[in-house]
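Generate coordinates for the entire structure from the input sequences, incorporating the hints supplied.
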Amino acid sequence: MATAAVSPAYAPTEPTGKSGIWSWLTTVDHKRIGALYLYTSLAWFAVGGLEALIMRIQLQGPNGHVVSAQRFNELFTMHGTTMIFLVIMPLSAAFFNFLIPLQIGARDVAFPRLNAFSYWVYLFGSLFMNSSWIFGMAPNGGWFGYAPLTTMPYSPGLNIDFWMLGLQILGVSSLAAAFNFITTIINMRAPGMNLMRMPIFTWMAFIVQFLLVLAFPVITIALVFLQFDRFFGTNFYTMTQGADPLLWQHLFWIFGHPEVYILILPAFGLVSEVLPTFSRKPLFGYPVMVYSGMLIAFLGFGVWAHHMFAVGMGPIADSVFSVTTMLIAIPTGVKIFNWIFTMWGGNLRFTVAMKFAITLVALFTIGGISGVMHASPPADLQQTDTYFIVAHFHYVLVAGSLMGLWAGIYYYFPKITGRLMSESLGNWHFWLAFIGINLTFMPMHWSGLLGMPRRIYTYDAGQGWDNYNLASSLGAYIQAVAWLLGFLNIWLSRRKGKISGPNPWGAPSLEWSIPSPPPEYNFAAIPTVSSRYPLWNLGGHGAHGGSVIELSDADKPNPTHIPTAEELGIPIPYSTIKPLFVALFMTLMFGSLLLIHEDKLHLSIALVISFAFLMTVSLYAWLTSPLEPAHH
Amino acid sequence: MATAAVTHGHPPTTTGLDHRKVAIWAFIGSECMLFASLISTYLIYKGRSVVGPFPHEACNPPLCATPLHAILNIPVTSMSTFVLLMSSLTMVLALAAVENKGKPGYEGLFGSSKLWLMATAILGTTFLGFQAFEFTSFVHEGLTIRTNLFGSSFFTLTGFHGAHVTAGVLWLLTLFAIDVKRGLGPKDALLVDISALYWHFVDVVWIAIFTLVYLIH
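Chains as they are written, first to last, in this note's numbering: chain P, 468 to 1099; chain G, -12 to 204.
Calculated from the structure, these hints are not laboratory results.
We treat Cβ as the ideally placed atom computed from N, Cα and C, and that holds for glycine.
Hints are supplied without guarantee of correctness; some may be wrong.
With the Cβ distance kept under 7 Å, some of the chain P side facing chain G (calculated, not the full set) [as the list claims (entries may be wrong)]:
#1 ALA577
#2 ILE653
#3 ASN654
#4 ARG656
#5 PRO684
#6 VAL685
#7 PHE698
#8 ASN702
#9 PRO712
#10 LEU713
Ranges of calculated distance between the beta carbons of each label pair, as one might list FRET restraints [unchecked claim]:
#11 G:GLY170 - P:PRO620: 51 to 61 Å
#12 G:ARG133 - P:ASP852: 30 to 40 Å
#13 P:MET780 - G:ARG133: 44 to 54 Å
Here it is, written out as structure tokens:
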């Protein structure tokens, strides 16, 4: 094999040294769970991308009729829901899982079994929601599911039921994971790693967990109201009973706007890791980066109604939300400038990861600027529900979040698998994605300003939209090729990539001090940290200074033998299937509610109670079994 | 800087607190937003019901087909509130009994964690009994979860709270079962401590609900 020339001291193996399906079903190792999140979310990325592609084929020219209006509604609903809840969030969670313990010098997360539970809930919830396609009843109310449109009189059929129950299930996954990561970061940092020495990705992840903890309960309640309305005939969204038509919108966006930062801050964190490494400079203005992240999160709870300028809230509410929205541009702009100053005067290396990261800085700014434009209510009234908004949030989420997350994939792939991704294939991937993204989403600014509404399934010729739509569709086809090359790169590099060694990029943080992939216990000895950049010798004292950590023999690069956990006397949690069963029964419990709308109320109640009982039994079995071998 | 020797077992936590204690606080933070959403919706919908029964006002023809009196029974709910608040006291005594097991002053019934855990569970169950009585009497008086906005938001809010109390009772009974089986001592204080945090939180939420829903007209 070609890789034999590299002659690694050891060949990459699976993180725990165990393999087979059963080991994956029962794993509680944060690194393997991270890998499960990664590959599952990439699979849904392909599905969500396919949904977008069908829509772009339909809209390529006027009067397209590839799919019906009804199918088109399902496509844009599931495209949005999939990309937000099944792709960007879990792809971020893949990095939370894999990186947080490694970056803070811990051996696992605080609750390894709860972590496995989070993943299985995500998997089963995503399968549940997408199983609606099999029944031809995919959700069709938009990713925001505005009630009363989604209540029974206007949306009979199981479509909305799949959506609201699916989101409810996925919420459990996010909340459980958030409690876990908050505890991990607060409580499991290596000696010497005070909060202001934490790697910036962990900081952004920490902030995101608070957003999750505080934002998800709100949509949980909004969804509970919708479920009660649809299943039990309550009146939360019934206008004839005096209900407020804006209740759902308020509750949804109190969740929905923090959700925007849940989607972008992890990518910001990853980019803040990549840029310093490939600039050979510490991150410019680290404390300001931390504070601006916190400020973005804090202000993120005070801007929700800018999604609702068109509903007529009155001048005072409009003004307040307009000002808070514009305020958020300040900490965001601070981040952009800090990234630029990080690169300024640096010794730049344009790896593929670096190119993706720089693209986030450049293209997210475009989405940010159009965001400031519709922070102004008069401008927003022209732009709302047009393709201008579609252009805006795709620049933020695709050119922003996804580019940042792919920067993270290229950057951390060697740590996850022990092998480098191909730079030549990666360059094709990057450039095609770069061209495709701009060609798809840039023309939408114009089609939007020319009045093309969002969510229309077809349009007549002669409105000045034809060429812009053709360009967007061509861009989408180029993107399809680009992302396929990305998948191909992962697939090939997993087996044939060059052996990376522990620190192929010369990066500064703790995760790069241990072998790639890391042994199941991560750190043979928990390191003591005295600076923000423990693997860089920056000289001097103060924030950047402090000495480079010394590694124990077992943690040294390319050791001839990586000791097992048993040899080191490190307790490793038992593998267990119980979290999977709790997740499975919980999903089935929620899913059984669907039968109410099939006129099988009694069967539904019986099944809900049965699955609730099985879930409780599994939960007790989980809680009463020990986490790991006893040790003293 | 030197690194520590290979650590057997787990290194101490950064804060010195057990993971579960940190996690329960994060969980309680999340629960605050859950109940905040429920209570806000109740308050937003207050006075917007187009038909009776209403919480604090009578509903007479022609608005309602038959005369309906104000539905909230504040004396009865005051009793159930008292019962729930007393359960917080017994919870404190249960935790103290577990933490100080065997110490002077904690002999006999006062230091019996089994007694106080069971007392807390019984008081919680009594509260749930009051709630069941309240719900059924409301239904007999013509208020269901479908009747009007008040019914929908009231039953959902108090029902969610009742579900939390139910989960707490199950948790307490589980602790009681462990106590009977092997005895809870100072080493298990954390188990009782986190359940107590949850229990007190559920009590505090009830104080907010009792004030905002029942007492304020």
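Results for each hint:
no. : hint                            : verdict
1   : ALA577                          : holds (4 Å)
2   : ILE653                          : holds (5 Å)
3   : ASN654                          : holds (4 Å)
4   : ARG656                          : holds (5 Å)
5   : PRO684                          : holds (4 Å)
6   : VAL685                          : holds (5 Å)
7   : PHE698                          : violated (11 Å)
8   : ASN702                          : holds (5 Å)
9   : PRO712                          : violated (12 Å)
10  : LEU713                          : violated (10 Å)
11  : G:GLY170 - P:PRO620: 51 to 61 Å : holds (58 Å)
12  : G:ARG133 - P:ASP852: 30 to 40 Å : holds (34 Å)
13  : P:MET780 - G:ARG133: 44 to 54 Å : violated (30 Å)
When the structure is compared with the earlier hints, violations turn up for hints 7, 9, 10, 13 and for no others.
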